[in-house]
Amino acid sequence: MRNWLLGFCVFAFLCSSAWADGCPTACADCTLPNGQVGQFYKLTLYANIGKFSKITGVTGNLPPGVSVNIDQNVTGWDSHPHNLVLVGTPSQPGTYVFNYKFENGIVWEPIEYIPGYGNYITQKIQIDCIQGTGISSLPRSVIYVPIPIDDDIYVIVPVEQNLPRDPGVAGDATVTGIDSNGDGVRDDVERGIVYAYPKNPKAQTVLFEMAKYYQAVLANSTSAAAVQQYFGIVAAWGACLDAAAVEPEVEGRLLRPLVLNSYDRSYNYILALRSLQGAGPIPEMMAACP
Amino acid sequence: MIKIAFSCLLLTLMLVPSAYCADGETTYFFINGMNVAPDEAPRLRQRLQTRVLLDVPSGDVKNLYQDNDAAFSTMIDRVRAQGNADSQRELFKNFWKWLDDLSLAPSSFRQQLATLDEAAYVQSAWLQPMVAALRDNYYNKRRKAVVVAHSQGNFYANQLVNYLRSFDPAVAACVTVVGVATPATYVANSGSYETRSDDTVINLARVDFPWGRSILPPTWSPTGPDLVPDPSGHTLIGSYLGPNSLSQRIRNDVLSGKQSLDATGSACVLPQVCSPLRTSGGSGNYLVSHFLGTGARDVSVRTDLGGLLDAELRMNICDADGVRFCWFSGNGNVGPGTTFRFKFHFDAAVNATAGIEILLEASGHSNWNLCVDCGDGSTCN
Chain Y
1 MRNWLLGFCV
11 FAFLCSSAWA
21 DGCPTACADC
31 TLPNGQVGQF
41 YKLTLYANIG
51 KFSKITGVTG
61 NLPPGVSVNI
71 DQNVTGWDSH
81 PHNLVLVGTP
91 SQPGTYVFNY
101 KFENGIVWEP
111 IEYIPGYGNY
121 ITQKIQIDCI
131 QGTGISSLPR
141 SVIYVPIPID
151 DDIYVIVPVE
161 QNLPRDPGVA
171 GDATVTGIDS
181 NGDGVRDDVE
191 RGIVYAYPKN
201 PKAQTVLFEM
211 AKYYQAVLAN
221 STSAAAVQQY
231 FGIVAAWGAC
241 LDAAAVEPEV
251 EGRLLRPLVL
261 NSYDRSYNYI
271 LALRSLQGAG
281 PIPEMMAACP
Chain R
291 MIKIAFSCLL
301 LTLMLVPSAY
311 CADGETTYFF
321 INGMNVAPDE
331 APRLRQRLQT
341 RVLLDVPSGD
351 VKNLYQDNDA
361 AFSTMIDRVR
371 AQGNADSQRE
381 LFKNFWKWLD
391 DLSLAPSSFR
401 QQLATLDEAA
411 YVQSAWLQPM
421 VAALRDNYYN
431 KRRKAVVVAH
441 SQGNFYANQL
451 VNYLRSFDPA
461 VAACVTVVGV
471 ATPATYVANS
481 GSYETRSDDT
491 VINLARVDFP
501 WGRSILPPTW
511 SPTGPDLVPD
521 PSGHTLIGSY
531 LGPNSLSQRI
541 RNDVLSGKQS
551 LDATGSACVL
561 PQVCSPLRTS
571 GGSGNYLVSH
581 FLGTGARDVS
591 VRTDLGGLLD
601 AELRMNICDA
611 DGVRFCWFSG
621 NGNVGPGTTF
631 RFKFHFDAAV
641 NATAGIEILL
651 EASGHSNWNL
661 CVDCGDGSTC
671 N
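Quick note, the sequences are listed as chains Y and R, same order.
Everything in the first sequence is counted per our numbering, starting at 1 for the first residue and increasing by one.
Everything in the second sequence is counted per our numbering, starting at 291 for the first residue and increasing by one.
Careful: at least some of the hints might be erroneous.
Listing some non-contacts, in silico: residues in chain R with all C-beta distances to chain Y over 12 Å [said to hold, decoys possible]:
no., residue
1, Asn325
2, Val326
3, Asn353
4, Ala371
5, Ala415
6, Pro507
7, Gly528
8, Gly612
The list that follows gives simulated cross-link-like pairs (lysine to any residue, SDA-like), each with its CA atoms no further than 20 Å apart [to be verified]:
no., chain 1, residue 1, chain 2, residue 2
9, R, Lys352, Y, Gly278
10, R, Lys352, Y, Asn220
11, R, Lys431, Y, Pro281
12, R, Lys352, Y, Pro290
These are computed hints drawn from the structure, not numbers from a lab.
C-beta atoms are modelled at their ideal positions from N, C-alpha and C, and glycine is treated no differently.
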């Protein structure tokens, strides 16, 4: 019962945060792309982060001409979430601010599943804002990330790092993607890692390095020698996960979903696996753990 | 203080192995489950070693790696067809997340995986290197094998043993399997296994897979101290190696499997070491086996024939199927003490055997010596 009550309190706090804070005055990160008057605009905010997560409501002002749908009828593998879809052709420039309510559904899980582990760590609550001229010349938003401080208690902290913008679909046009700050890590991957470990610089460092060499694997997917070499480097950094207080399954739960988030990237990864058939074990190397 | 001392004693007792896995005669192989990258598999193997095989030298624990590239290749085409350009990123993120933890995946996704049977999960391209590794372990290193498999790796472990039983039963007899979180309906060679009752992935497979009702039942249920923060109940490190009582059960399975290979009357017989064959005889028929081991080599033969003028000796050297490498026929007319030398090429892979059989038929007043080397430079001069 104690655990159930704690779970319920966490749930209530998450929801009230999402509703009450509105658009913060200082935003560290931006996610919604700009729109143009007279041009069709469509954006889907996905709720499929947790097993029972969903977006259930919207308050505030939307640009005239843009409506919002709570998409409950998606089919196929993308079936369970209630996503939020902004769609329409904006007719007036301006600054528009809205909030949406994200329910992460934690209390509906059996109590054993509450602890902040794996997928739940990667949950995020977004309060997104559209401001500026057009739909947004200066979009502002902040991302809140639940940080487990005990087995089943989260605190909500904003990500304050200066992250590159999410390149969106443009970032997925090539296997290489976009690395606007030139740190060797794709922008979308960098964001995903920081959101998952916002207060753990060691984890970020290790996962950035692993992501870099995953990317190198994708770029050299038909060369068994290169694939072996780069996977060897990934393994060397993987040996640092324990020291960085990262759960050992992070590669499957976080890193691969982030890095392999397009058809071409997934395809190249599969090619890389195939190139290793009969190639022998990957080399053993050491990394300088942070 | 007494409490602390008692706790330390308990902890020590828990950590001290109850028996020893290391004997210089056994190699431990780990087969990973689905969606494990090449860099992750060694990490899992190391964790298995530190939790279960802590008394085994690191060189004696090896990976038998597999992945699912063929199945993944088909599935990503289906993923691409699911949505428009805007939704691809989320679709592919979910694809890899769901592969990592099938309990999060919608049933339509799991149904795709459930269309494959055990044989379809096992790709020959990954199975054959495993076969080669176990043959090398047996013939060249002269060691037994304990195979520990996690999740889908159990399909590989079963198929691996099935293959060896068909094509190399001597090797198969020296392999035992320990299943962990197995979605299979049996453990090859009557091995043992452990599956959690709250393993959500296996429990879903019981529903989704056509053979789901026959999947081996759970063997262990968590109690309070054994609850681990892993929602899937399926991961090797968190769910199976995490709880002390469960990792100890896995260790016990490994030990009992090893003991069954070592037991008197076990079908496991390790190959002998090849040493030059030296034998001699007189009149009569002789059938002599000579173990050579795996690999290819040029084997030298020396025959010394003595006796009277009516002495005759015929000799055939064949593989196990009766295919003749070479033969010799001589009589005493050449004079006592005559030596014949010749070589033949032996390839264990081609000849499907690790040894040869020599049939000698001597008549009259024969008196002969025979020497066959190992093809490794040992001499019959």
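**Request:** Measure nothing beyond the straight line between the CA atoms of lysine 431 of chain R and proline 281 of chain Y; if it is 20 Å or shorter, mark the hint as holding.
**Result:** The given pair, whose Cα atoms are some 19 Å apart, holds under the 20 Å limit.
**Message:** Would the non-interface assignment of alanine 415 of chain R survive a Cβ cutoff of 12 Å against chain Y?
**Reply:** Check fails; 4 Å does not lie beyond 12 Å.
**Prompt:** Any Cβ of chain Y at or closer than 12 Å to proline 507 of chain R, or is the non-interface label fine?
**Reply:** holds (21 Å)
**Asked** Is lysine 352 of chain R close enough to proline 290 of chain Y, meaning Cα to Cα at most 20 Å?
**Response** violated (28 Å)
**Prompt:** Does asparagine 325 of chain R sit more than 12 Å from chain Y, CB to CB?
**Reply:** violated (6 Å)
**Interface-negative label, alanine 371 of chain R against chain Y, beta-carbon threshold 12 Å** = Non-interface label on alanine 371 of chain R violated, nearest chain Y Cβ at 9 Å vs cutoff 12 Å.
**Message:** At 12 Å, judged by beta carbons, does glycine 528 of chain R keep clear of chain Y as stated?
**Reply:** Since the minimum Cβ distance to chain Y is about 7 Å, glycine 528 of chain R lies within 12 Å and the statement is violated.
**Prompt:** Hey, does glycine 612 of chain R actually stay past 12 Å from chain Y on C-beta?
**Reply:** Holds, because the least Cβ-Cβ distance between glycine 612 of chain R and chain Y comes to about 33 Å, which exceeds 12 Å.
**Request:** Over 12 Å to the closest beta carbon of chain Y is the bar; see if asparagine 353 of chain R clears it.
**Result:** Contrary to the label, asparagine 353 of chain R does not stay out of reach of chain Y, its closest Cβ about 7 Å off (not over 12 Å).
**Message:** What's the verdict on lysine 352 of chain R and glycine 278 of chain Y, does the C-alpha distance respect the 20 Å limit or exceed it?
**Reply:** This hinted pair holds, its Cα atoms lying about 15 Å apart.
**Message:** If we take the beta carbon of valine 326 of chain R, is the closest beta carbon in chain Y still more than 12 Å away?
**Reply:** violated (7 Å)
**Prompt:** Taken at face value, is the distance from the CA of asparagine 220 of chain Y to the CA of lysine 352 of chain R at most 20 Å?
**Reply:** It is violated: about 27 Å lies between the C-alpha atoms, which goes past 20 Å.
Of the hints listed earlier, those the structure fails to meet are numbers 1, 2, 3, 4, 5, 7, 10 and 12, in rising order.
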